[in-house]
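Novice: Numbering-wise (the numbering used here), the sequence shown opens with residue 1 and increments by one.
Some hints could be false.
Below, a list of computed lysine-lysine pairs in the PhoX-like style, where the Cα atoms sit at most 25 Å apart [unchecked claim]:
{"#": "1", "residue 1": "K136", "residue 2": "K93"}
{"#": "2", "residue 1": "K81", "residue 2": "K121"}
{"#": "3", "residue 1": "K136", "residue 2": "K41"}
{"#": "4", "residue 1": "K83", "residue 2": "K30"}
{"#": "5", "residue 1": "K99", "residue 2": "K133"}
{"#": "6", "residue 1": "K117", "residue 2": "K30"}
Computed spacing ranges between beta-carbons, pair by pair [stated by the list, open to error]:
{"#": "7", "residue 1": "L103", "residue 2": "N34", "range": "36 to 46 Å"}
{"#": "8", "residue 1": "K133", "residue 2": "K99", "range": "28 to 38 Å"}
{"#": "9", "residue 1": "D94", "residue 2": "K121", "range": "31 to 41 Å"}
{"#": "10", "residue 1": "N34", "residue 2": "I106", "range": "28 to 38 Å"}
Quick caveat, the hints were computed from the structure, so don't treat them as lab data. Positions of the beta carbon are idealized from the N, C-alpha and C atoms, including for glycine.
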Amino acid sequence: MLFSKVISTKKAIHIKPEKSIFVRELLESKEIDNRRAAQLKMILRDMIDQGEQKIILNLNEIESLDSATVGVLISIYAELKKKNGIFLIIFEKDEYVHKTLELSKIINLFPYVFNKKDVDKKVEELRSEIKEKLYKKY
Numbered sequence: 001m002l003f004s005k006v007i008s009t010k011k012a013i014h015i016k017p018e019k020s021i022f023v024r025e026l027l028e029s030k031e032i033d034n035r036r037a038a039q040l041k042m043i044l045r046d047m048i049d050q051g052e053q054k055i056i057l058n059l060n061e062i063e064s065l066d067s068a069t070v071g072v073l074i075s076i077y078a079e080l081k082k083k084n085g086i087f088l089i090i091f092e093k094d095e096y097v098h099k100t101l102e103l104s105k106i107i108n109l110f111p112y113v114f115n116k117k118d119v120d121k122k123v124e125e126l127r128s129e130i131k132e133k134l135y136k137k138y
């Protein structure tokens with residue numbers, strides 16, 4: 001299933017949900033300000049509304065993000081968690097995003113990995129946690 005969302009009048013973005021979403025390319029910027037955070041939120045909410053249960057955001061090469069962006073990350077994570085979905089962030093260790101999330105003390109609010117090779121393993125861990133939670137519920 002492909003999702004598409006128009007971000008600007010120039011370009012439609014097509015996202016293959018089985019892959020990670022490279023945010024720098026998606027937003028055509030290395031900086032995520034209020035306007036771009038709103039665009040990102042709209043795209044991710046649209047994906048969830050269309051039934052997507054797994055969102056992997058690649059924040060490598062992002063050099064600036066504001067509090068609105070952090071709010072979007074928390075909001076999308078919470079929404080997917082309620083629906084027993086998977087939300088995962090990829091960023092480089094000791095780069096801007098990592099340092100920002102660490103300094104703001106919210107780094108442990110949502111799952112993350114430092115490189116793409118660890119994504120599959122982390123996704124499986126998250127799936128196991130969801131299954132265990134559902135099993136305990138019943």
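Novice: Does each hint hold? Answer for all of them.
Specialist: How the hints compare with the structure:
no.: 1; hint: K136 to K93; in the structure: violated (34 Å)
no.: 2; hint: K81 to K121; in the structure: holds (18 Å)
no.: 3; hint: K136 to K41; in the structure: violated (32 Å)
no.: 4; hint: K83 to K30; in the structure: violated (30 Å)
no.: 5; hint: K99 to K133; in the structure: violated (31 Å)
no.: 6; hint: K117 to K30; in the structure: holds (22 Å)
no.: 7; hint: L103 to N34: 36 to 46 Å; in the structure: violated (20 Å)
no.: 8; hint: K133 to K99: 28 to 38 Å; in the structure: holds (31 Å)
no.: 9; hint: D94 to K121: 31 to 41 Å; in the structure: violated (21 Å)
no.: 10; hint: N34 to I106: 28 to 38 Å; in the structure: violated (18 Å)
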